[in-house]
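Taking the hints into account, I'd like the entire structure generated from these sequences.
Number of protein chains: 2
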Amino acid sequence: MSLSFRISARDGPARAGILDTPHGRVETPLFMVVGTAASVKGLTGGELRRAGAEMLLANAYHLAVRPGAPALAERGGLAAFMGWNGPTLTDSGGYQVFSLAGRRRLTPDGVLFNNHVDGGELFLTPEKAVEIQTLIGADVMMCLDVCPPARAGRGEAEAALRLTHAWAGRARRSWREAGGQALFGIVQGGLHEDLRRESAAFLAGLDFPGYAVGGVAVGEGTGEIRRIVSLTAPLLPEDRPRYLMGVGTPGDIIHGVAAGVDMFDCVMPTRHARHFQAFTREGRLNLKNAAFAADDRPLEAGCDCETCRTASRAYLRHLAALGELTAMILLSIHNVRFYLRLMERLRSAIPRGRLAEVAREYAGSDRLGGRLP
Amino acid sequence: MSLSFRISARDGPARAGILDTPHGRVETPLFMVVGTAASVKGLTGGELRRAGAEMLLANAYHLAVRPGAPALAERGGLAAFMGWNGPTLTDSGGYQVFSLAGRRRLTPDGVLFNNHVDGGELFLTPEKAVEIQTLIGADVMMCLDVCPPARAGRGEAEAALRLTHAWAGRARRSWREAGGQALFGIVQGGLHEDLRRESAAFLAGLDFPGYAVGGVAVGEGTGEIRRIVSLTAPLLPEDRPRYLMGVGTPGDIIHGVAAGVDMFDCVMPTRHARHFQAFTREGRLNLKNAAFAADDRPLEAGCDCETCRTASRAYLRHLAALGELTAMILLSIHNVRFYLRLMERLRSAIPRGRLAEVAREYAGSDRLGGRLP
Chain D
1 MSLSFRISAR DGPARAGILD TPHGRVETPL FMVVGTAASV KGLTGGELRR
51 AGAEMLLANA YHLAVRPGAP ALAERGGLAA FMGWNGPTLT DSGGYQVFSL
101 AGRRRLTPDG VLFNNHVDGG ELFLTPEKAV EIQTLIGADV MMCLDVCPPA
151 RAGRGEAEAA LRLTHAWAGR ARRSWREAGG QALFGIVQGG LHEDLRRESA
201 AFLAGLDFPG YAVGGVAVGE GTGEIRRIVS LTAPLLPEDR PRYLMGVGTP
251 GDIIHGVAAG VDMFDCVMPT RHARHFQAFT REGRLNLKNA AFAADDRPLE
301 AGCDCETCRT ASRAYLRHLA ALGELTAMIL LSIHNVRFYL RLMERLRSAI
351 PRGRLAEVAR EYAGSDRLGG RLP
Chain R
374 MSLSFRISAR DGPARAGILD TPHGRVETPL FMVVGTAASV KGLTGGELRR
424 AGAEMLLANA YHLAVRPGAP ALAERGGLAA FMGWNGPTLT DSGGYQVFSL
474 AGRRRLTPDG VLFNNHVDGG ELFLTPEKAV EIQTLIGADV MMCLDVCPPA
524 RAGRGEAEAA LRLTHAWAGR ARRSWREAGG QALFGIVQGG LHEDLRRESA
574 AFLAGLDFPG YAVGGVAVGE GTGEIRRIVS LTAPLLPEDR PRYLMGVGTP
624 GDIIHGVAAG VDMFDCVMPT RHARHFQAFT REGRLNLKNA AFAADDRPLE
674 AGCDCETCRT ASRAYLRHLA ALGELTAMIL LSIHNVRFYL RLMERLRSAI
724 PRGRLAEVAR EYAGSDRLGG RLP
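Line by line, the protein sequences are chains D and R.
Counting in our numbering, the final residue of the first sequence is number 373, and the numbers go up one at a time with none missing.
Counting in our numbering, the final residue of the second sequence is number 746, and the numbers go up one at a time with none missing.
Think of the hints as simulated: they come from the structure by calculation, not from any bench.
The structure displayed is predicted, hence computed values, not measured ones.
No residue lacks a Cβ here, since even glycine has one placed at the ideal position from N, Cα and C.
Be aware that a few hints might be false.
To spell it out: a stretch of chain D is covered by chain R in this simulated footprint if at least three of its residues, at any positions, have a beta carbon under 8 angstroms from a beta carbon of chain R; those stretches are [said to hold, decoys possible]:
1. 38-44
2. 63-72
3. 77-84
4. 282-293
5. 326-338
Printed below as a string of structure tokens:
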């Protein structure tokens, strides 16, 4: 079975929907927990299930380097390999080639680069990216795109876009729909509104099962992200899932949902946890702060995660001060659950026309600091 | 309620029993998972409960440095602070003073030392060790002892023993039984049989609620550990719990149980997990070994832990090769469960007179390597 998507309710441009994948049904809007190298850092599959995770994201670049795409295929594919057995998505690796890899050479045909692990050389083409992701076996694959710096000038952004479009066409042609894995196109165009419009129109013409908004996760201020998302989301085909790549803070996600985005992913909940920061509706708490040393409250009142049911801020502060592994785990459990609960709230608000209420409830969540005791 | 201990079955010198503590009932022989600084590295309280953990061990030295014993008392004591709320034991810190601390000066009254974290000075006496542990609030506290190097000569071992005995008397007198926390005496005497005999007899005369065998965990070969344990355990009061400190491998534990020991603790399951080694009945597996790259089997056939139910050796090998946090967690879950299952097997074997059978079943477990695929 391939991907199917059905919108079940609306609140303005926002949509609630149902996404059926070869590895099961999930509801949208949804947040994909990031497991770059087939592992969500600090969380076992059991913890992810207990936190209510629905779909995981991994990265074809990292997996192609280790353990290798053919090895994953031999082990039954990504979802089985991870013991997750639920829906997954792989990014193509384009972003990583342009951000992580060593020496690289971009040609119209593809990109030649040395990986950041052992310097091994790979010539990645749009077709090769599809082939690698087909072997990895996620339910959703992404086209290989060209990712110029966020602040690229008009000329550079335009050249990157032309190549991204050419590659999208080639990826679309090399994709075997019959295999059951979906392929999403990625809208680029930087901060240039006319390029974003052109990109959305061009990709819509290629008839992908889903569409992503790329190039907005890194290096832009929140205002810029939101401007591009508000502009681009409504340009994407109404009946296909829309995925905002690598975004973002709780506020960015709420904004994206309100603009009509269905899928998100971000390293923030797990990465911040490893830096001892906890998300709450009143802002992020830095658990290294001595102010929490005598604070017997949970991270967030009313949170149903295992951490909030068992650990006080004082205990977490003690573990964070020592740099204990267990602090990273407990904070990862909370932060992931915080994001997943937010998505649950958004999904249940849309059919009742109450999106604005959820947005108000989470209005303080992007602050760093929170109300200290 | 204070500690109470009842022997329910025997198999030769081995005993199965029931230990009632202020924080609940546990069955012996039992293995205490080590949470040195009020945290079992890599495992949340939820994981520990799912793995069947019964009693945790923490260290008064580490806790006195951070967050401080009074801070723990204010937070409701160790078990509540950790969100564990089950039975706990604290070591006195004696061993750490002699192994971890910087500059130290031993006097008949106590030991002056600088802690290894911020160099802060503390004069630890037998009375102070009881006071600190009373504030920390574990169900079982340990006497402050003098820990000479394992290979100390006769003179040094004897002098250390005299001081340990004097300190045991002072600790016993300063202990307030009414508080509900038990205090265990620690038999020392190094590798000298006559000193071990003298120590067991002397401490028995002080009428402690329980007795530990100290000074055998580090620096001795397995044969030496076992010789001292076989000698010392039967010398301890029959009706009190016997605790073998810091021991050991699965084979050491089976030997200790057969010799009549009731309680154990060891960092091996969690420490080896962080070095990507997994315990199995056929030996320890090094998950960094490329031999596991295509091994779809669980770590150990028949293991009921979450790791064995969800992760293959190939997946764990992939994560170990990357040094992923999640590999440490998954291996910690398995290793702790391995130890706790061993204890379950031993407890159920004793009433049926089948200890020797369990020993045979685990005969290969101390090997490094295991049968590779």
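Each hint, compared with the structure:
Residues of the stretch 38-44 of chain D lying with their CB closer than 8 angstroms to a CB of chain R number 7, which satisfies the three-residue condition for coverage. Coverage of the stretch 63-72 of chain D by chain R holds. Counting CB-CB distances below 8 angstroms, 3 residues qualify, and the rule asks for three or more. With 3 residues having a Cβ less than 8 angstroms from any Cβ of chain R, the stretch 77-84 of chain D passes the three-residue criterion, so the hint holds. Restraint check on the stretch 282-293 of chain D versus chain R: 1 residues with Cβ-Cβ distances below 8 angstroms, three needed, restraint violated.
Check on the stretch 326-338 of chain D: 6 of its residues sit with their Cβ under 8 angstroms from a Cβ of chain R, so the three-residue criterion for coverage holds.
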